[in-house]
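K.L.:
Given next are the chains, with one letter for each unit.
There are 4 protein chains.
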Amino acid sequence: MFDELILDKMNEECGVFGVYNHPGTPQFIYYGLHALQHRGQESAGIVTSNRQSFTFHRGMGLVTEVFQTKELEQLRGTMGIGHVRYSTTGASSLQNAQPLVFNYHDGQLAIATNGNLVNATQIRRQLERQGSIFQTTSDTEVIAHLIARSMYDNIEDAVKEALGMIKGAYALLIMTNDKLIAALDPNGLRPLVLGKIEEGYVLSSETCSFDAIGAEYIRDIDPGEMLIFDREGMTSKRFTLQTRKAICSFEYIYFARPDSDINGINVHLARKRLGKRLAEEHPVEADVVTGVPDSSISAAIGYAEATGIPYELGLIKNRYVGRTFIQPSQELRDKGVKMKLSAVRKVVENKRVVMIDDSIVRGTTSGRIVRMLREAGAKEVHVRISSPPVKNPCFYGIDTSSREELIAATKNVEEVRQYIGADSLAFLSIEGMLDAIGRERLDSSHGYCLACFNSEYPTEVYDGLLIGQNREMIQVGEE
Amino acid sequence: MFDELILDKMNEECGVFGVYNHPGTPQFIYYGLHALQHRGQESAGIVTSNRQSFTFHRGMGLVTEVFQTKELEQLRGTMGIGHVRYSTTGASSLQNAQPLVFNYHDGQLAIATNGNLVNATQIRRQLERQGSIFQTTSDTEVIAHLIARSMYDNIEDAVKEALGMIKGAYALLIMTNDKLIAALDPNGLRPLVLGKIEEGYVLSSETCSFDAIGAEYIRDIDPGEMLIFDREGMTSKRFTLQTRKAICSFEYIYFARPDSDINGINVHLARKRLGKRLAEEHPVEADVVTGVPDSSISAAIGYAEATGIPYELGLIKNRYVGRTFIQPSQELRDKGVKMKLSAVRKVVENKRVVMIDDSIVRGTTSGRIVRMLREAGAKEVHVRISSPPVKNPCFYGIDTSSREELIAATKNVEEVRQYIGADSLAFLSIEGMLDAIGRERLDSSHGYCLACFNSEYPTEVYDGLLIGQNREMIQVGEE
Amino acid sequence: MFDELILDKMNEECGVFGVYNHPGTPQFIYYGLHALQHRGQESAGIVTSNRQSFTFHRGMGLVTEVFQTKELEQLRGTMGIGHVRYSTTGASSLQNAQPLVFNYHDGQLAIATNGNLVNATQIRRQLERQGSIFQTTSDTEVIAHLIARSMYDNIEDAVKEALGMIKGAYALLIMTNDKLIAALDPNGLRPLVLGKIEEGYVLSSETCSFDAIGAEYIRDIDPGEMLIFDREGMTSKRFTLQTRKAICSFEYIYFARPDSDINGINVHLARKRLGKRLAEEHPVEADVVTGVPDSSISAAIGYAEATGIPYELGLIKNRYVGRTFIQPSQELRDKGVKMKLSAVRKVVENKRVVMIDDSIVRGTTSGRIVRMLREAGAKEVHVRISSPPVKNPCFYGIDTSSREELIAATKNVEEVRQYIGADSLAFLSIEGMLDAIGRERLDSSHGYCLACFNSEYPTEVYDGLLIGQNREMIQVGEE
Amino acid sequence: MFDELILDKMNEECGVFGVYNHPGTPQFIYYGLHALQHRGQESAGIVTSNRQSFTFHRGMGLVTEVFQTKELEQLRGTMGIGHVRYSTTGASSLQNAQPLVFNYHDGQLAIATNGNLVNATQIRRQLERQGSIFQTTSDTEVIAHLIARSMYDNIEDAVKEALGMIKGAYALLIMTNDKLIAALDPNGLRPLVLGKIEEGYVLSSETCSFDAIGAEYIRDIDPGEMLIFDREGMTSKRFTLQTRKAICSFEYIYFARPDSDINGINVHLARKRLGKRLAEEHPVEADVVTGVPDSSISAAIGYAEATGIPYELGLIKNRYVGRTFIQPSQELRDKGVKMKLSAVRKVVENKRVVMIDDSIVRGTTSGRIVRMLREAGAKEVHVRISSPPVKNPCFYGIDTSSREELIAATKNVEEVRQYIGADSLAFLSIEGMLDAIGRERLDSSHGYCLACFNSEYPTEVYDGLLIGQNREMIQVGEE
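Residue numbers (full-length UniProt numbering), protein chains in the order written: chain A, 1 to 479; chain B, 1 to 479; chain C, 1 to 479; chain D, 1 to 479.
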């Protein structure tokens, strides 16, 4: 990954986007994926169907790099699915790019997923023992095998059977030459929304992509829901009744784009409320409030508004850091060469600065930013985090480091403060976070996954011990 | 150019960066240019000297695209100059990439410039009549010819003679295998700053690049000043005494990065003051203030702070629009496919919105954004512009459209309001702008160029009538 | 495919190359595949193992295009297999590039094959019915599934079991992290040779690759033989006793490089003998003998030597036709724009020319060359073909057109002569061909496949009727 | 340069191709340059004119690499010139790619040349003293300056004046928006031919390119001739009467394509006669004759025909060596890894081999091939060279090494034989060579340059002492 800031963040794995029944399918998926680019920059792919056969293209890089005019024009069809991927493992390779496309007994199938299964390794081992071969390391291939091995003849029942076997977090799009199917895990851990554009339907990880193509938002997919799109139109089914909503709270805190709404709650406004609540819980005497761009801007505005301390651009991000950026050597970094963030001297000089960040994962970047502010003349640096301390790893597709690397797992707040060199440090409480995002909606059918904060995992965690045991083949020299 | 927003803005031509006497020269120029990337994304180039001969590389695209590890590692030397370019004309081509390197009677020479000469066409014609050949269409080649044709043996006098002949706006870096020379036009129309890094000197269009490499800012170059760096160290000379400071006010309004200081004034803080003054001059009853990202954010914060109306992220920019982005067809745009900006429904719905923009050039983008806000549910849209109306073309290297395309040249404020469909529209006054940026510094030796607002051009405008008469060769298939 | 001449030829599918137990494995495979490049130019791939895990890279294009220094340096290990591919179908795509790498119950496996199965479609359908998914359209994936589904724990027995199920032509290299296995089909339809380099073993489609890396030729693999390389050294086993040698006669006629030996017979010398025998069977009064470059040169030399008619370069091939060559439009071709072959006027003008070609498939190219010679002034053009008429399609991996397109399937020799516009035309007899290549070796264990000439297929042809029924997904925008 | 064989050869600098008055101009130049590709593989360029303005494209690599469909389609016009370049110096760079295009007092001008001036450095110095700047290191830029500085208003006289000042070898194409001008140096050292295609004219370095596009050969340009093409049609002028034909004999020996005719003499047939004469002068008892591919094949055929010893393919060249080929390390080469040439064991084993090569320059490659043949089992290796010993450097655009590197300059034949390890070695005599190429044509107006054999340079050699003193800028990271 090319971004020093992101390196020290929790990172999303993927974004998915699908269109059913519209002649503009390839273009819509292109622009839709482009709007989801923040969810994954490693690879991009689109599969479309003209109801006879698939055309597809996948590649490493941004949507705009993978798809040039030629590739986009060659995609044909009125239905399709697309995917952007962020790699959580070292196994960054074209092989793992999605959507996965394959032939099976009933024809052609394409799958794109966002999320992570907690029993994928188990199922994979079992499938291998039964003679399956795996050409990728992604969970998506596991789901493909389960569908292909189902005894059911029709795709809906086969998918349903497969979903009955997998556990974990997943927002799933499946396409044959007849049907498009969307499904969400029983806890609704990952976001998935439904929209409409003229006579067609659209499905996406986030509503911001609907705005990008002029589609109308209809509703969020429910946990355990399966939507089938075919010549009959749209049908909703439940593949399980044992559901308990637990959407990833980090979607609000960090992942999603501020202009998206999740479960009807706008992300920017939720973040601003997180900042306000943070101000209430942890006020401080100071001269300026600044946010770490881009994800902490909303919270910083909220904190400033609540405290009356002026909000300033005290930290500026270089917009042109791409995948080919040459990282400065450690020697150069020690001498002050910055990678992508600068402190604005005239803004922070001789000032008491409140620095708002959305989260602290390993703490290294936070420490670096605090030092940067001090070098730019800040008299005091008070760090305020708009989420609770992250103490537990995520098994649902978020790339947290292992538990030992989570600074809050082994250090208390005061120790973390010393580590990052701040004058003061405070985290938002879990209660405060829930209030700010929207507690009123918290009922039996609607809750948040808080596992990384409080270790209450909404599912069993089968593969936990097995992680990292996958036999990895290293693909070199992409492209 | 890849950016719909930028298309309707005034655009800077270039950024320059130089290092003298440091072993890290190639790296510093790389990171320095990267920090100046906002000043030009079309081409990038670096020339270095090991005091014996030059090594150089130029290419189309971003600094990070043009320079990969291999190219950077092959650059050798302890002094060098670099350039990023934004094309103001259709003649976007590798040929015109800078720095220009050539051999002349006294050895090797490299030149990089930011700016535009007002008598380049005249001089070019004259040089051609004397037998010169021109391989590019850039003014820089004109300067190169003048230096090479000088009767003076030493480079300093030759440069001085050349500068005596050219008129217009220029921040200039010249390198031989012995010396580095920096020069600024007699009006100081373009920014150029001097810094220090260990035993070496650095020169740049903006201070933000000094922060990026850990260099220390020393001072801005004076109008009519020429700095010579050689084994003797640094020497300052005046190549003319007829100077009158008139720095481009748009550097503060739009071009420069918010973390840069120009003449000691921080750009973000200046913009925030522009927003505050705008609030004083043109208040309005409203529910939210939002800025058009990225350049209008600071002014929007200032406006919000002054009025007490909450500042919100009502408009979101997609960060991943690159040069290979496929523009949606007009048909798709009509259907709502957006290119890079989205309005945030939950923020603006049923709200009276103040939309802050830094300038209106042709008015088409402003109109589109107003419409976008209305479609997202805004009840009222009040547009406030943090600069005066742009009524005259720029001849100093800024890519304004021709006078007929400048909406404020032919329409009054009410007509412009109707054109963009706003509920109200107001521009900052020239007086207000000067106060906000920093009137106290306005004296005989320190002023602003206001020509695009009030047609008081600080120089004669010789080539005005000739523009567009250049004989252009079209280079196809760059890369 | 980029070659007008090749378009009208029978075309090989692939070349394979393997190394066991040598630190220079990646380099040897690179240079070895490069020597096999004539067997396939569509894609190239290398997998190596350091006995713990695989590293691999595959891509579209020539070996030298797919592997740059970086990719080659990243390959690690002391054993490995490589592949070059020529696409016989429209499904030219990275997906189908080999070697195939995957995980199965026993770890990692890589496979590379040259050849074609005649019951692949049958087995594929059966595997799909059992729940297998297919991500490529290549027969290699079928073999991979069979190995993975074997009940045997050890790879040797699993491979043996798989080979017992497949029928057709195959030279096969399989690698795990412990072993390298080579196998040849029971008819030995495809060539596969064993060599030695220092302490290591090498396997290849052709001996010319041994010369390229300085390896020593040991022997040809036997039909139905399986060679296992592991820490114990090399072991030879028979996976079937029902073998009957029937090597593709076109390897001698056209496919193989002239410096290769197949079954101890040098290809250039065999071709020269084909030319001599052709002269005996079909002499003609003429002034010059010329061969269609490159594959017919040897036969032309032989014909000239036998008849005493001088051998000349009457046809010249442009060496620089690559994949990016822009084909002339039909209009330009009609006007005389040539793609890669020219007749040499001074050589053929007013001469009676014997034009030697190795085969006629569709006849279009032959006709074009005859016309070219006449336009260059040839008085007479006598076409002599150094192989018998091709009347039947190949099911063993050779890209002949369908039967209807084979000109000799529907036209007699006189009709073909008229079609190509020659003054006379003659083909070598089957008897003559066998004599020339080496009849003395023709015994029960050593024969040639003559199916395309006489329809005596050495295996059953199960999939014959099914060909073309595969469900193809179209991958667009390679690379 | 990518070719080990070529490294040890004399190498041509360039090929030129021009079209006047044909709508197919861009395509014809593309296919024409493609046919001249053997004359230069480093860079390619095309400039076309629609009589109003130029469109052009230049790039590094083969014609087919530099020009893709897009670039070719963007070229517009009914006249144009093109160029392929082989770099004789280290200064391989895009900067030096031709045609050179520029603006001067009279409009636009494009120039492409093949050859080398012997007083370019002198003129360059003088021009620099007069204030000219040089952006390339090519002689072509010198000619451009001379034309631009001419006092004459019309291009013909300006060109004539420039040609009066330059000395050396040149085949020259010049284009304005009105005219196309071709010129050949007073000695006709480089080839240049005129052809016709429908209503248009074509000009080329070799006739093989006329065959490629279906053009009709008219005649060779005369030494000191200038052809002007404009709306009046074609006009021939002499820019000097002091001409003395001395065409480079190496065009026949090595450079030109065998299907080209130079001065009416076919190159293949000339080479075959060189081989025959070589057989007469230096017969030897042997079993096989083999030629070093590709340039020595014709001579080898001639030698075989004259002696009755069978001609065989004893050496095979890999056709797929391109610019991205990874050279084997010295260690690998010592172990036997070959770059592009293989000896055919079955052909040479236990045989007395006559190895025909067209020339020996440094002797290293010859030695390597002799060794290769011995390792493949040759009993004796008799080397016969179809040209006289090269003892003197070329100043006319041929990349011979400096005199010290020319093995025949410092060693006698016996010493060379020992150096290359041959059993015997013999060179063709100068007399024999002249007879073979065509002595009957040798008269006052028609002769050969033999300078590299006998040091009789047809011109003065002004720059001889200055070579290598150019101030070189190193351009890195092409592409």
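A few of these clues could be false.
All copies of an identical chain are treated as equivalent in the list; a pair is satisfied when it fits inside any one copy or across any two copies.
As the list claims (entries may be wrong) - In silico EDC-like links for lysine to aspartate or glutamate, alpha-carbon gap of 16 Å or less:
1) 391 <-> 404
2) 317 <-> 294
3) 391 <-> 153
4) 340 <-> 287
5) 391 <-> 73
6) 237 <-> 380
7) 335 <-> 423
8) 340 <-> 405
9) 335 <-> 199
10) 391 <-> 405
11) 335 <-> 230
12) 335 <-> 198
13) 196 <-> 156
14) 335 <-> 216
15) 179 <-> 380
16) 196 <-> 415
Don't read these hints as lab results, they were simulated from the structure. Remember, predicted model here, so these are calculated numbers, not experimental data.
K.L.:
Each hint: holds or not?
P.N.:
Verification of the supplied hints:
When the C-alpha separation of residue 391 and residue 404 is checked against a cutoff of 16 Å, the pair qualifies only within one copy, where the shortest distance is 9 Å, while the shortest distance between copies is 61 Å. When the C-alpha separation of residue 317 and residue 294 is checked against a cutoff of 16 Å, the pair qualifies both within a copy, at 8 Å, and between copies, at 11 Å. In this assembly of identical chains, the alpha carbons of residue 391 and residue 153 never lie at most 16 Å apart, being 45 Å within a copy and 43 Å across copies at closest. Taking the shortest alpha-carbon separations for residue 340 and residue 287, neither the intra-copy value of 25 Å nor the inter-copy value of 34 Å comes in at or below 16 Å.
Proximity of residue 391 and residue 73 under a CA criterion of 16 Å is satisfied in neither setting, with 47 Å inside one chain copy and 40 Å between copies. In this assembly of identical chains, residue 237 and residue 380 lie within 16 Å of each other by CA distance neither inside one copy nor across copies; the values are 56 Å within and 42 Å between. Taking the shortest Cα distances, residue 335 and residue 423 never come within 16 Å of each other, neither inside one copy (24 Å) nor across copies (52 Å). In the homo-oligomer, the alpha carbons of residue 340 and residue 405 never lie at most 16 Å apart, since the shortest distance is 23 Å inside one protomer and 36 Å across protomers.
With identical chains, the CA atoms of residue 335 and residue 199 are at most 16 Å apart between copies only, with a shortest distance of 13 Å across copies and 59 Å within one. Proximity of residue 391 and residue 405 under a CA criterion of 16 Å is satisfied intra-copy only: 10 Å inside one chain copy versus 58 Å between copies. Taking the closest pair of Cα atoms, residue 335 and residue 230 never come within 16 Å of each other, the shortest separation being 61 Å inside a single copy and 24 Å across copies. Taking the shortest alpha-carbon separations for residue 335 and residue 198, only the inter-copy value of 10 Å comes in at or below 16 Å, while the best intra-copy value is 57 Å.
Taking CA atoms no more than 16 Å apart as the test, residue 196 paired with residue 156 passes in neither setting, with 22 Å inside one copy and 55 Å between copies. Proximity of residue 335 to residue 216 under the C-alpha cut-off of 16 Å is restricted to the inter-copy arrangement: shortest distance 12 Å between copies versus 51 Å within a copy. Taking the shortest alpha-carbon separations for residue 179 and residue 380, neither the intra-copy value of 59 Å nor the inter-copy value of 43 Å comes in at or below 16 Å. In this homomeric assembly, residue 196 and residue 415 never come within 16 Å of each other (Cα to Cα): the closest approach is 50 Å inside a single copy and 37 Å across copies.
Of the numbered hints given earlier, the model fails hints 3, 4, 5, 6, 7, 8, 11, 13, 15 and 16; all others are met.
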